[in-house]
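Please build the complete structure, drawing on both the sequences and the hints.
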Amino acid sequence: MNERCAAFRAEWLSAGFDPVHVEECEACRAWVRASERSIQALEELRAAEAPGELERRVVRELSGDRVRRLERAVGSLARLGAPAALDGLVHRRLAGRAPAGDAERGERSAQVLRTLDLVPAPAVLDRLVQEELAAPARQTAERFPGNLERLRAPDALAEALHARARRQTFVRLARGPFAVLVAAALVVWLALRFDEPAPRAYRFEVVRADSLEGLDPLARALAESLTGGVAR
Amino acid sequence: MKCAGGFLLLALAGFTACAPGDGSAEVVVETSTKGAASGHLAPNDLRLTTAHAGVRRLEFLGADGVTLSYREEIVTDGHGNYALRPLDGDAALDWSTFELLQVLREGFLFRYRDLVVRHAGLLRRNWEVTPLGTVEVAGRTCRKLRVERNVGEPIAYELAIDRETELVLASQRLDAAGKRVASMHYESFRSDPDKVGVAWHVPANDEQPLLLRDIPQQLGLRTLEPRLLPEGFVLYEAATVSSDGQQRWLKLTYTDGLEPLFFFQKLEDPAVTVRAAQVGDGPGEPREVSRVTLYTIQNVTVAQGRCNGFELIAMGPVPEVELLDLLESALP
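Chain order of the listed sequences is A and B.
The first sequence runs 1 to 232 under the working numbering.
The second sequence runs 233 to 564 under the working numbering.
Hints in this document: simulated from the structure, not taken from any laboratory.
Treat each hint with caution, since some may be false.
Claimed, not checked - Negatives, chain A to chain B, calculated, CB over 10 angstroms:
hint	residue
1	R4
2	V22
3	E26
4	L186
What the hints assert, rightly or not - Just the calculated beta-carbon pair ranges, DEER-fashion:
hint	chain 1	residue 1	chain 2	residue 2	range
5	B	D438	A	A160	55 to 63 angstroms
6	A	L113	B	N540	26 to 34 angstroms
7	B	K427	A	D155	46 to 54 angstroms
8	A	D126	B	K427	55 to 63 angstroms
As the list claims (entries may be wrong) - Some, not all, of what chain B presents toward chain A, calculated at C-beta under 10 angstroms:
hint	residue
9	E291
10	L300
11	S475
No experiment lies behind these values; they were computed from the predicted model shown.
Virtual Cβ for every residue (Gly too), placed ideally from N, Cα, C.
Shown next, in the form of structure tokens:
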């Protein structure tokens, strides 16, 4: 390739070539054909898209977010080991000292706890614990019914409501056996009634009243207000 | 559905929140936010910041099955003032006496009878909100919600909340068995109330808000505080109030988000309390008996008595055993 060839190829690439030279020079004709195939092949290639993360990062960098740069800079720092003198110092401090056992940890905890204000548990807890131990079922029934699992109405409820008439028929048929069951339950309840647990041992006497008479006027007005304004 | 309920709950928490002290809303909020419940109180009771007027019907089912029913007019000026005026009621009512009592109880009725979100955080924790679509009340479109308690007795409310103002225009209280025991329903609603001639409520019990912590130090007296509360309740308001203009009481108000629960202690000369507590310590001297009188009125239990020398009252919509436990847990 001589200087004319080089000039021709530069001109060809800039779309202003010499048509006489390409007729005379076999090498340049071959180069032109090869270049045209390459251009065609490149034009057929699909343009690859930049990843979205790149765009976000560029936006962040341009907006002055230095976090990523700082992360990269910190991440690239060489990790330095602790100086040997520090290792030696720690070793000397720990030498001859066994790890704290449960007893030592317990004593330390006790020392910390002794510095806190002492707040005694309310006496009522003693009674409640005793009552719970004596009759756990009663405690659950009286104090914690709200803790029982709450069941959602099944989807079939609507369908069941549509079949109400059918159920009523069934109820009429079952009324006899049901009455027997109720009577049996009544007998059981009467039997259990005589086995009622002892009244609770409050630290005060509990007297039931029939009216709000005797209540402080302020508390009485509040109680009546909570219930809508019950007439006296 | 749950998510939608959550959004509605937030809205609910925003419109009727934190009943103010009688005529001193800002003071109470300021006080409470300094205390243990800080950061949870919704900032305003929308009834006080939304001027409106309306006639509403209220019904309450008594334990004897008899329903108390009456109508009243409510007017608020949007600046903290409010007025409730009884209009008419059951023929069986001695209306003139009832009307007079309602006027005397106006502050309590507004603050504690009406459904109010007292603590938005507890409401989210202790209650479940379910949207039930829309409903028309007093000619206004309202969102209908069901609010059911997750702890303790499974009581529930059904509410109609005005879309525009977020005010509760209708509510029903359902007991654990699903029976309606109380209801409120606006029959008419105006957002431009005629304020001329309205007799705004004037508090008569000289309520003085307290910080929620260090109450004995604030009062310079030995005070009691319940340490065993019904599940879901926390202290959210402390104050001193007067009864008959003479005797002062410490008033601690607890809530589970919606329902109020009260503990009162009469503030007496410390010497009186000490003497009362020591009666009986001398030889041959009869010991003072601690006695509590218990009374249940509809869903509210009231206990009042003198225990260990302290005059105490506890009151709230909780079972008897829980209220007595609360009272006993306050004793030294």
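We went through each hint and held it up to the structure:
Residue placement check: R4(A) keeps its beta carbon more than 10 angstroms from all beta carbons of chain B (closest about 78 angstroms). Non-interface status of V22(A) relative to chain B is upheld: no Cβ of that chain comes within 10 angstroms, the nearest being about 73 angstroms off. Its beta-carbon lying about 77 angstroms from the closest one in chain B, E26(A) satisfies the requirement of being farther than 10 angstroms from that chain. With a minimum CB-CB distance of about 21 angstroms to chain B, L186(A) clears the 10 angstroms threshold, and the non-interface call stands.
Against the hinted window of 55 to 63 angstroms, the Cβ-Cβ separation of D438(B) and A160(A) comes to about 58 angstroms, which satisfies the hint. Separated by about 28 angstroms at the C-beta atoms, L113(A) and N540(B) satisfy the suggested range of 26 to 34 angstroms. Taken as a hint, the range 46 to 54 angstroms holds for the pair K427(B) and D155(A), whose Cβ atoms sit roughly 51 angstroms apart. Taking 55 to 63 angstroms as the suggested C-beta distance range, the pair D126(A) and K427(B) conforms, at roughly 57 angstroms.
The restraint placing E291(B) at the interface with chain A holds, with a minimum CB-CB distance near 8 angstroms, inside the 10 angstroms limit. Hint status for L300(B): holds, given a least beta-carbon distance of 6 angstroms to chain A, under 10 angstroms. Annotation: interface hint on S475(B) holds; nearest CB of chain A at approximately 4 angstroms, less than 10 angstroms.
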